[in-house]
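Chemist: What follows is each chain in one-letter form.
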Amino acid sequence: MSAVGGRLMLDFVRGNRASSATIMATVGVSAFLLALLSGVLYGFWEDAAARTAAEGASLAERLGGELLVSSMLYLVVLALACVALVLIIRNAFLASMQNRVHQLGLLATVGATPRQMRSLLLREALVLSMAPAAIGIALGTLAAGAFINAAIEAARQAGVGSGGLAAFRCSPLLLLAVAALVLLTVTVSAGIPARKLARTSPLAAVAGAPEAAPARPGRAGLIARLFGVEGELASGSLRQRRGALRSASLAIGLAFLALGLFLSFMTVSRMSVDQTYYERYGIAWDLVVDVPDASAAELEEVARGLAAQAEEAVVDKSDAGMRLYLKARAGAEPSLWAAAEEALESAGHAEFSLVDMDADRVRADAVWVGYAAVVGGFCGILALIGVAGVVTQAVGFVYQRKREFARLRTLGMTPGGVFKMLGVEGLLTVARPLALTLPLVVAGALALALLGRQPLGGFLAAFPYGVLLSYVAVVALVVVAANAFGALRLVRGDLAEALRDDALA
Amino acid sequence: MPIAECIGVEKTYGSGDTAVHALRGVSLAIEPGEFVAIVGASGSGKSTLLHLLGGIDTPTAGTVLVDGEDISRLDATQSALFRRRKVGLIYQFFNLIPTATVARNIQMPLLLDRREVDPQFFAEITKALGIAGRLDALPHQLSGGQQQRVAIARSLIYRPMLLLADEPTGNLDRRTSCEIVDVLRLANRRFNQTTVIITHDERVAQEADRVLAVEDGLVVLDQRRR
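If you read the protein sequences in the order shown, they are chains A and B. Per the numbering used here, the first sequence starts with residue 1, numbered consecutively. Per the numbering used here, the second sequence starts with residue 506, numbered consecutively.
Hints listed in this document are in silico derivations from the structure and should not be mistaken for laboratory results. Keep in mind that this is a model prediction, so the values were computed, not measured. Hints are not guaranteed to be accurate.
[Stated by the list, open to error] Simulated restraints on C-beta separations:
| # | chain 1 | residue 1 | chain 2 | residue 2 | range |
| --- | --- | --- | --- | --- | --- |
| 1 | B | A546 | A | A484 | 37 to 45 Å |
| 2 | A | A484 | B | L691 | 43 to 51 Å |
| 3 | A | L488 | B | G513 | 28 to 36 Å |
| 4 | A | A134 | B | H645 | 52 to 60 Å |
| 5 | A | I135 | B | S532 | 39 to 47 Å |
| 6 | A | A179 | B | R620 | 36 to 44 Å |
| 7 | B | A566 | A | A134 | 31 to 39 Å |
| 8 | A | R270 | B | Q646 | 54 to 62 Å |
Every residue, glycine too, gets a C-beta built ideally from N, C-alpha and C.
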């Protein structure tokens with residue numbers, strides 16, 4: 001079987017370049033995503049470990065507490081990503097393997113055991129996956145390194161980088177772990193359909209699989225009204241294939257939800273910070289002094305002593321006790337910071353904190369940029385997973401849909417109709433998860449605004465809708481493009497040949 | 506004037522040593538209202554001839570005319586329009602849309618053509634074909650015979666010039682096969698529907714007004730019975 005299996009494998013790969021290319025692309029993208037995610041999480045973990053070491057924690061202390069919590073969290077995220085990718089890659093392998101049902105049936109009739117057929121399919125999957133997986137891992141690790149180094153630089157510029165990781169370190173253990181993870185993901189992804197198909201009876205395999213049929217007719221009222229009969233057919237087709245699209249839809253919806261909630265959180269936080277520091281008295285403060293053990297009168301006395309350096313001063317309460325806000329007088333010597341320190345020490349205050357507002361704002365901005373990059377990156381990865389799933393469906397399952405579209409073309413559906421139907425499918429694939437998660441995003445945003453005690457009007461005006469709309473536009477564009485490519489392949493296909501295959505089946 | 510004509514039609518697949526000459530210069534004419542059976546062994550070229558008449562494939566040489574129009578040079582869009590207006594196609598495996606009800610399946614060619622369904626004609630056809638009571642069912646909820654009746658109704662709803670059936674009873678038991686042939690005969694007589702049916706079944710061929718025998722890509726027999 002080994003020599004025969006190898007020959008069969010080569011013949012199939014050569015004769016089915018499209019589905020082989022789809023598998024290779026899907027595995028390559030998945031390996032890239034896993035390597036990127038693993039590298040980024042590893043970088044975060046190393047940074048946290050370095051910080052705890054710099055703080056003088058022992059090994060046991062380092063491995064416990066916050067580091068343990070973050071490790072568990074990172075492993076959970078990695079596991080979820082693997083599960084999502086398994087579902088995506090599984091679809092690509094399923095599409096390819098289903099193309100071979102007839103061949104497998106013939107092998108079964110001449111005596112190949114299910115174990116032999118499973119082994120053939122798995123070997124083919126691993127051979128197809130090796131090169132793209134290696135490329136994906138290399139590129140993903142490079143991307144992770146670039147991301148972590150950029151984050152370190154941003155933190156250093158913002159003044160929060162001390163004690164942490166100096167630069168991304170790509171350890172051989174990391175590469176081995178990623179390779180093992182990719183191998184596991186590919187093996188499980190290929191193993192599920194291989195196991196199923198290897199159990200197909202010879203008769204069923206030779207006769208071809210029957211089409212899945214819904215239990216009851218669906219309603220496509222609005223879609224039919226908007227897009228006509230092509231919309232109705234698209235809706236029906238999606239209903240029939242919803243199982244295969246479930247994980248992709250879930251990923252697209254989750255990415256939208258995560259992005260929407262994060263943007264809401266950022267908006268509320270920035271509004272709160274602006275109000276607290278920058279807009280409270282309509283003046284841009286240069287220095288904020290917190291003195292826990294001082295009274296208002298004492299701080300007012302300090303402020304009067306700083307008249308040469310500060311053109312404006314306000315004393316107010318804060319969560320940390322009393323607070324003094326100071327606006328610097330241009331060109332004053334010594335500097336406001338130095339003068340304030342001296343004045344407080346002279347007044348007998350041992351505990352106080354000074355915050356340079358310009359530097360603080362830069363740091364806050366950098367922190368926000370960092371948060372945005374991290375969360376944006378995770379949302380991007382989730383979205384990529386979802387989009388990869390949809391693209392796999394649109395491109396990899398073209399063979400399976402030949403019969404469906406041959407039927408429609410014999411009824412008189414024009415090539416334009418095919419494009420329209422698949423275009424509507426693409427739009428619905430994106431629109432449905434977004435429509436389901438939009439109420440959650442809105443509810444979450446309103447809840448955050450309420451908890452942050454921000455006026456609704458101000459929140460709605462400040463919310464960065466452009467970012468969310470850009471995400472929707474990019475995802476929709478990629479999905480529709482993939483479907484258009486699938487439509488092109490279907491329209492160019494030989495109708496007589498598609499019907500002939502069906503007649504033989 | 507014939508409703509369909511083939512003039513010196515040839516169809517070759519592949520090239521060189523592996524070329525397959527499916528049709529090698531077929532000329533025939535089908536008159537309005539005829540019920541024609543095409544018989545022949547597997548690989549004789551029957552289905553190829555049907556595909557050419559139905560605008561699904563194009564000849565390598567020669568001309569195919571339907572209702573005076575040369576369909577052998579139509580582009581993809583034009584041939585799609587031709588299929589939903591001028592010719593009805595029925596297959597061995599029904600080719601119904603699994604996610605659409607019986608009613609929707611029957612109406613589909615008209616919907617694709619953005620035309621209104623004539624409710625009276627719809628009722629007449631579904632009643633005549635014995636499927637009026639199953640309009641809300643899905644195809645998988647029907648028997649093979651019922652599915653084929655739906656496929657026939659779908660092909661008749663837009664009153665095509667020509668009804669082409671490729672082994673319509675090939676997937677059915679004997680009793681159901683007889684029922685389907687009766688249905689096609691009924692459509693031929695009641696609606697004066699010109700029908701061309703490919704069949705291996707001699708009983709079906711006996712129902713036809715005219716029998717064409719195809720062998721090795723050529724029409725070797727053209728016998729009018731009535």
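Chemist: Please go over all the hints and tell whether each is borne out by the structure.
Modeler: Hints and how they fare:
Evaluation of the 37 to 45 Å hint for A546(B) and A484(A) yields a pass: the beta carbon distance comes to about 43 Å. A beta carbon spacing of about 44 Å between A484(A) and L691(B) agrees with the range 43 to 51 Å that was offered as a hint. At about 34 Å, the beta-carbon gap between L488(A) and G513(B) stays in the expected band of 28 to 36 Å. A134(A) and H645(B) have their C-beta atoms about 45 Å apart, which leaves the hinted 52 to 60 Å range violated.
Checking the proposed 39 to 47 Å range against I135(A) and S532(B) shows it is violated: the Cβ atoms sit about 59 Å from each other. Look at A179(A) against R620(B): about 60 Å separates their beta carbons, and that is not inside 36 to 44 Å. Between A566(B) and A134(A), the C-beta spacing of about 52 Å breaks the proposed range 31 to 39 Å. Taken as a hint, the range 54 to 62 Å holds for the pair R270(A) and Q646(B), whose Cβ atoms sit roughly 58 Å apart.
Hint compliance for this structure: hints 4, 5, 6 and 7 are not met, and every other hint is.
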